[in-house]
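Novice: Protein sequence lines, in the order shown, are assigned to chains Y and A.
The opening position of the first sequence corresponds to residue 649 in this note's numbering, with each subsequent residue numbered one higher.
The opening position of the second sequence corresponds to residue 11 in this note's numbering, with each subsequent residue numbered one higher.
The hints are simulated quantities; they were obtained by calculation from the structure and are not laboratory data.
You can trust all of the hints, since none of them are fake.
Among the chain A residues that face chain Y by a calculated CB cut under 10 angstroms, a handful are:
# : residue
1 : H42
2 : E50
3 : K52
4 : G53
5 : S60
6 : A66
7 : G195
8 : S206
9 : S210
Bear in mind the structure is a predicted one, so any value in this text is a computation, not a measurement.
Every residue gets a Cβ at the ideal spot worked out from N, C-alpha and C, and that includes glycine.
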Amino acid sequence: MARYGMVVDLKRCVGCNACVVACKSEHNTPNGILLTTVLEKEMGIFPHTNRVFVPVLCNHCEVPACAQVCPTKATHRRPDGIVFIEYEKCIGCCACIEHCPYHVRTLVLDNRVLYSDGKTTFEKPVAQKILNKVATKCDMCYHRVEVGQKPACVEVCPAGARIFGDLSDPASAPSTLVKDHAGWQMLPEKQTQPCVFYIG
Amino acid sequence: MLADREKVKAGRDVWVPTVCAGCYNCCGILAHRVDGRIVEIKGDPNAANSKGYVCAKGLVRAIDVHHPSRVLKPLKRTNPVKGIGVDPGWQEISWDEAMEISVAALKKVRAKDPRGLILSHFDIAGYRLSGAFGRAFGTVNMHWNRADYCGSASHPAWLITNGTLNSEVDFPNCKYVVLWGTQLGHMVNTISLSASSELSEGRRKGHKLVVVDPFCSNAASKADEWLPVKPGTDGALALAMLHVMVNELGIYDVPFLKGQTNGPYLVKPDGHYLRDAATSKPLMWDPADGCAKTFDTAGLKDPAIEGSFTVAGQAVKPAFQVVKDHLATIDVEEMARVCTIPIEQIRRVTREFCETASIGSTIEVDGYTLPFRPVGIDYKRGMAAHKGGMNSCFAIHMLNLLVGAVDVPGGQRGVNPVGPYWTAGVSSDGLIIPSDFIAKYNKPYPGRKASIPKTLDLQELFPVALFTRGLYPLGIDDPEKYGIPYKPEAMIHGRTNHMMNSHDPAAMAETLKKLTFQLSIVQFIDETAEFADVILPDSHDFERWDMFPANDPYAFIAPGPGEWYFLFRQAVAEPPGEARPWTEIYMELAERLGILPDIYKLGNEMWNLGDAYKIDPTKKYTLREIAERQAKTIFGDAFSLDTITDTSASILRKKTTQEAYPRMFLPSRVPIYLEYLLDHRTDVQKVLDTLKFDWDLSTYSPVPHWIPCEAHAHMRGGEYDLIATNNKVPTHQFSTTTENMWIDEVARANPYTYSVMMHTSAAAKRGLKTNDMVCVESKYGNYVGRLRVTELVHPESVNCSGSFGHWAQGLPVSRKKGVMHNALLPKPTLDRIDTLSGQIDQCVAVKVYKVEG
Ligand code: SF4
Ligand code: SF4
Ligand code: SF4
Numbered sequence: 649m650a651r652y653g654m655v656v657d658l659k660r661c662v663g664c665n666a667c668v669v670a671c672k673s674e675h676n677t678p679n680g681i682l683l684t685t686v687l688e689k690e691m692g693i694f695p696h697t698n699r700v701f702v703p704v705l706c707n708h709c710e711v712p713a714c715a716q717v718c719p720t721k722a723t724h725r726r727p728d729g730i731v732f733i734e735y736e737k738c739i740g741c742c743a744c745i746e747h748c749p750y751h752v753r754t755l756v757l758d759n760r761v762l763y764s765d766g767k768t769t770f771e772k773p774v775a776q777k778i779l780n781k782v783a784t785k786c787d788m789c790y791h792r793v794e795v796g797q798k799p800a801c802v803e804v805c806p807a808g809a810r811i812f813g814d815l816s817d818p819a820s821a822p823s824t825l826v827k828d829h830a831g832w833q834m835l836p837e838k839q840t841q842p843c844v845f846y847i848g
Numbered sequence: 011m012l013a014d015r016e017k018v019k020a021g022r023d024v025w026v027p028t029v030c031a032g033c034y035n036c037c038g039i040l041a042h043r044v045d046g047r048i049v050e051i052k053g054d055p056n057a058a059n060s061k062g063y064v065c066a067k068g069l070v071r072a073i074d075v076h077h078p079s080r081v082l083k084p085l086k087r088t089n090p091v092k093g094i095g096v097d098p099g100w101q102e103i104s105w106d107e108a109m110e111i112s113v114a115a116l117k118k119v120r121a122k123d124p125r126g127l128i129l130s131h132f133d134i135a136g137y138r139l140s141g142a143f144g145r146a147f148g149t150v151n152m153h154w155n156r157a158d159y160c161g162s163a164s165h166p167a168w169l170i171t172n173g174t175l176n177s178e179v180d181f182p183n184c185k186y187v188v189l190w191g192t193q194l195g196h197m198v199n200t201i202s203l204s205a206s207s208e209l210s211e212g213r214r215k216g217h218k219l220v221v222v223d224p225f226c227s228n229a230a231s232k233a234d235e236w237l238p239v240k241p242g243t244d245g246a247l248a249l250a251m252l253h254v255m256v257n258e259l260g261i262y263d264v265p266f267l268k269g270q271t272n273g274p275y276l277v278k279p280d281g282h283y284l285r286d287a288a289t290s291k292p293l294m295w296d297p298a299d300g301c302a303k304t305f306d307t308a309g310l311k312d313p314a315i316e317g318s319f320t321v322a323g324q325a326v327k328p329a330f331q332v333v334k335d336h337l338a339t340i341d342v343e344e345m346a347r348v349c350t351i352p353i354e355q356i357r358r359v360t361r362e363f364c365e366t367a368s369i370g371s372t373i374e375v376d377g378y379t380l381p382f383r384p385v386g387i388d389y390k391r392g393m394a395a396h397k398g399g400m401n402s403c404f405a406i407h408m409l410n411l412l413v414g415a416v417d418v419p420g421g422q423r424g425v426n427p428v429g430p431y432w433t434a435g436v437s438s439d440g441l442i443i444p445s446d447f448i449a450k451y452n453k454p455y456p457g458r459k460a461s462i463p464k465t466l467d468l469q470e471l472f473p474v475a476l477f478t479r480g481l482y483p484l485g486i487d488d489p490e491k492y493g494i495p496y497k498p499e500a501m502i503h504g505r506t507n508h509m510m511n512s513h514d515p516a517a518m519a520e521t522l523k524k525l526t527f528q529l530s531i532v533q534f535i536d537e538t539a540e541f542a543d544v545i546l547p548d549s550h551d552f553e554r555w556d557m558f559p560a561n562d563p564y565a566f567i568a569p570g571p572g573e574w575y576f577l578f579r580q581a582v583a584e585p586p587g588e589a590r591p592w593t594e595i596y597m598e599l600a601e602r603l604g605i606l607p608d609i610y611k612l613g614n615e616m617w618n619l620g621d622a623y624k625i626d627p628t629k630k631y632t633l634r635e636i637a638e639r640q641a642k643t644i645f646g647d648a649f650s651l652d653t654i655t656d657t658s659a660s661i662l663r664k665k666t667t668q669e670a671y672p673r674m675f676l677p678s679r680v681p682i683y684l685e686y687l688l689d690h691r692t693d694v695q696k697v698l699d700t701l702k703f704d705w706d707l708s709t710y711s712p713v714p715h716w717i718p719c720e721a722h723a724h725m726r727g728g729e730y731d732l733i734a735t736n737n738k739v740p741t742h743q744f745s746t747t748t749e750n751m752w753i754d755e756v757a758r759a760n761p762y763t764y765s766v767m768m769h770t771s772a773a774a775k776r777g778l779k780t781n782d783m784v785c786v787e788s789k790y791g792n793y794v795g796r797l798r799v800t801e802l803v804h805p806e807s808v809n810c811s812g813s814f815g816h817w818a819q820g821l822p823v824s825r826k827k828g829v830m831h832n833a834l835l836p837k838p839t840l841d842r843i844d845t846l847s848g849q850i851d852q853c854v855a856v857k858v859y860k861v862e863g
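Bound conformation, chain A alone (with noise of 0.2 angstroms):
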């Protein structure tokens, strides 16, 4: 039953507004709910982000309420075992004995060390509510689930230059964009929607579009030019149109170097920065002067990119410069053939990529003369979920950023650095630093201080990621081996599926097996819910109220020129049997626990609530309640989310140019030279050290590397000739959309949706032919699924699409459709983890050969 119920919107035949969670997008929509059921979904025409429309994904979410398989009781486990393919014996049981049971065993795991408690979801609207449960109850171990899956080398790039974690194409300006293994405007990746409509205007008006992809895309589809890179050999790629770009062409933004970047700091032949002895600013040289001065001497405006000076008898070259030779040393033919893409059109790309950004040009905006630079390139899982991920991102943003394309109009964009409540900061080295509301603990720059990991996902040994959270497994199992002085002893989960979303099934089953109480708050009993103790049924987010807004305002309200719009997800109909929303469920488990008080002492700053809406621990609040004052806090006291009837966005104000393009207003530079990695790498060696591990940290280089992966190596033994890959498809997100029998159904008429994809000489060589059923094996693991022979896939690569090849019985529409790309993955080694970012490799060496069937 949902808390607030009264609050719901009355009517027999409604529409109802809220905010759609089939991705986390949180695109504004109207449910139509007729006698009290759900019968379909449209667009909200008033939600910016969305525009009104909707995509498949979404639509679909209508008739995935009246499932037939929804958990709708409380049950236990009676089978102690616990294994894939394992009868759990579920039993139902009274919604208070799941409650004591549950309760019982977190309250003797907190009794012994409370960090032995692991929260998992992946519900973005939670993050805040799970966080301050986390915090409460007094564990470090909190939202383990895939969000590393696409971001962790790609978010830290952005959130060191962009000051975002997201980032973005002023599509409606830009002439030249590259999407690089990411389909963003393609219904995929943020801002979805929008960003689809502005790029197909983008494509009738004649702007450019690139696509670098080992498998052609909805993305390369639609590209003017498809560059089917080898899968893993990106930052080979990037580093030669770098070379290109830098040495070659010799073209790149001057002014936004010197004015913009740390690019005229002063570096030492250590790799240090230069600093004045008296204040320890960096340091640059004043060709008028012929002296060094602190970056931020007024009235220096041309300090000098380029040459070698003497200082103090220390030789020393500008950042920009030290890039410039780093790039002069990189062999482009020997690049080119890494990443198989021709030397030609590498060069020719690279041309039409720096004329298009037509440097010296500038748009006036609202009163403002600001460069106009219409070319900028997205990256983001596809290349990133590699090996040298970290080197590779950066490699590719410096592209945008030696063009200075960065948060000016026509250019690549970080998702709202500078909020109505927020705003990007400025470090002691005059280098832009993202909001606390953005990033408040876990910055990649200035860092945290490297130690012996205390989190199960060992994020102490990478002080400069954003999140290393595929690497729970790791800690799980071994956590003596990390110097963790704590056991994992329990787990509430849901909404993430750890058995299907990381890596060799049995592997993860193991994992799971070390937890001795796991607790699942799930819609369906999927493959990782088999493993839980305790379940209770969740509800459907069209079955809950959210905290406000649902949409992260600095992740997912569309960058650029606009309005700030917040969304409120409100519920539209009661969850059925005995579903509850799993927030008012770990709200309920504090209260039992006793930490609810705590959880509100804490909520009133982790909620951003105002000094006149702050929360009484002494007191009980429901979720609404709690929404409607974080509301207020942003709107103001006259505002009521009794009023949110019609739409489900409500605008605070136009944005200021300020905030829609804010590269040339904010006080801070971009560092296109990474000098404070080289202090993180001493102290990671410490700890190393210490702990007696023996990696390879030269990916904590100030200038970037192509770091190659060890599919590669693979490769080379000749056994295992394929790099295997997946690619994403527009109509389904993770391994979640595959449950609903409408997109089930698109998903067959498709011919590749649920197919192995392999190149046409490929199959030849191996005598294999479309509709062959085929294994797909690594050193890890393997899946069989039926073959496509195509062009769309490199040569060198075999393809399939999304996380599917479900196998639980709880999932009867998508068991058995599709194949599980992550099945030939291992559980992640040292070779297949990016020591920078703490990013999961997702590439893997294999053979292709026929089975029957």
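Looking at chain Y on its own, in the form it has when it is part of the complex (with noise of 0.2 angstroms):
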């Protein structure tokens, strides 16, 4: 089965947040959450200081803190490897929240997408719609990728920042950038063995 994954080349990133923004609009999600973001760490001393820009998401740890402590099983791993969220069997309890170790996760307090009249809704088609008082999180754009598309972040990126594809074949495009270049994943202490690599 396959373990669906992606690798963030550091390297490559400017940035330039078209992947947040592509996210948004693939999942319309409510005002305030984004899926992913590109955080923005500054380092060394002038003027040998710059920003690095790191984008981050659900990691879809293949030992997942957020589905051990789901009550519900809204959130379980799926055979792919997508970490998924079933906003009909989420009962909003928060435990998954507190438990991921990577702060991906929102509470959805207003499903609604408002605009700034506060009561003009935006409505598109989406795969899931995201419900009200659930958790909410990337969903690796399991329906894209179900139909062979790759995540909207993916497709949209155009310095080729965000590399998707299966992790357990050793000659898919990720496994090669890992093997390459040393990739390496987040908080690896909490043995959560991420989905997720980071390149630079």
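Each of the two chains sits in its own frame; use the hints to bring them together as a complex.
Specialist: This is the structure:
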């Protein structure tokens, strides 16, 4: 079975945020909720300084702390490796939010996409509508992946900084990159075994 | 309602190919329409400029269309008093009433003096349409906008050398890229998506990137080396590098200078060329025969570029020698001190640049042997928007020119000097001239004849400038002072926001109040539309047809190898309410004014219509019908816009090597010595004498100088002890994107976008810390914002992003978000204008102090 994952190439990423907005648009997430963001980490002392742009998203851990604590199994790891939330089953208890070491989950307090007038809503067809009072996060664009497309953030990135593929296949693009560039995972000490790798 | 609405692609759930207008790059996109509503945007994989990508600014535009604050009906002002914060007392009126009021006002102006009308927008797809309108109406005052924002000083430097409006770098082949006051290749600037893609590929391949910028921008953050230059001292750094290159390292491309530049042209002590008495042609020294020969003498392959000679008793030197001697006078240590980049670093970077240029190396391209120069410098607004802008631009560009890295594989390149239906020309002095298609009326070289201004932007006082649009407020406020023989009366405005994009809003308010009638065609009532007498609702660009192509091909088709492709902007959905495309509104105004036939006559020339496709001035056409004729002119009679249903891009053919890498195939040379400026200087001086103006024209120098900014002098006073500048973020374009709630969300999540940035040491000196509210105050104005203490900014500078801080009631999302750098700037004064290019200095000395909040 596949183990879907992503390699984020920090050398390529220019911090343009196209991925952040593509994800927002793909899922039509409620106001204030972003399923992926690009952190900007300031490094060094002037003039030897820069900002490192670090795209972050759900790590789709092989040992997901969130799924382990989910009382209803709303959050579970699919056979293809995607850590998935079934919104219908989620009771909004926030256990997963507290236990995710990466702080990538958000509780939805108001699932509408409201314009500045506070009244008009923006609706669009989405694969799985985000409900009220549920936990939400990156779903690895399962609806795209299932039909052979790349996740929205991967497709849009002009810098080629997000590389999607099957980590169980040693010849896949992400597997090769992890091997060739000594890819690393966030917080390995948490033993969650993320499927999102970084190279720099 | 949309003309040609039945031509909109049908279907309940469809993707309609069109062209993004989120910035000027014209990326090809597909807009998803479900049940008549636009719901999402994605890149069009067939559009070669954007390669299927689309940036954050483009993606979010799907929701712009549905913004609840859009203007949906014509409005008229009931309160005659105009001013910031004054309620205009808008009253909804019928379309006919709005038209009648506007047409009556325009007719009155036209009867008095048609030049009293100003056309104002920054919508590149509409320039050729409003240009025809303006000429038919009889006005010379067209396109008041902030195109000078990035380009008054930089565009001329490319036009006189590359023969193009814009510049780029051959990223796939360039091993040493220098970005100077620009973030090309970081989702900013021209050809942004393919450049970003190519540069990221280059970074992975190990190509080196150097960024010169007072702020550690996104580009500087990705650089191998960041040179944090003090604002406004870029010219000093460039001169130091030139001196190191020419006089310390002695590395320059001799064959290129001899064969492709005016380096061998003999120059007299007065700075002018030595010319052949009979033909007036510039002369070169032939060392083989020991005599001077005209520059175009057949067989003269090896003219002297160094030394000094005597011709008919006259002491002369080749232009390159004059440049070299000039550079020898540059005090490198002093320049290093001025720009605050250590001298060792200047020497090392220059050496790396020169060595990577691999002078002498060649590459085979399609059977041609071409020079291979894998180094290139691109520069733009950040370094150009200063008092000595054009001199600094040319100094920087000279680094490209002297190593021959211009329009050859690997180097800096102009964006399409030669195209399928245009080509660069050559002057009688043998130098490159841009095609008429690129710059017809305003070529910086050879230039125009200086005269007493007739245009409100005073362009006649800047005969070698491309445009001087930022100077409109000077002409509007004091026409008599500049000898302008009429009064500005009315403005048709839209798609540009003068109140925010220029200078001190209070001063701009006074300028707008001088106009007796303002028609604004807008989607939102922004700060400038608040001054309108009549407002007409504009459509979004997803709700209109444009002329063909939407991507002005000489500026927005990726340069270098590839294909000639043309993008077509088509309507995806009906505009809401009574909104209509501003372009159609211009046509309706023209019809009611009785000038539509004149527009058509002019359009036959201006819109590039082939003989078989000229329009009949006695008939009436929709914009789409005109677009179809333009398309057929390029593609032939079989072409139909109806077939553009799946992709926005139509491919004409593959580019030839001559088009992709034109330098070695062009009959012209490139100037490294700007002799033509001397005569222009004399002409301008005469006009200034007549007007009794005392301007410093030392900017008209054939060799570049560094000219300090007003801010540098003010800083010495002690009170205003920092220089304020602003930066560009990849998520925003001008002041318009802030009204998008998705972009606003991203901006709010970013620690820098809406903040005021100050270096740690400067903050410590003032007892300031992150999150303090601070006032940044110049002699002319101020803004208040939240401080972010950081290492990312030059210690002598304070920085903010974009042009934010809206205050209009009609902009609920962007109101009071971020700060507005332009509020610090005065209405342009002589101390802040580049007398050569008309560029306005955008840096200013400030003090920063804590305020409550
Ligand atoms: S789209 Fe790509 S380059 Fe841009 S921020 Fe996201 S990962 Fe980085
Ligand atoms: S990153 Fe967090 S939410 Fe995602 S799978 Fe791991 S623990 Fe769960
Ligand atoms: S994979 Fe899909 S859901 Fe996850 S961050 Fe990318 S776009 Fe968003």
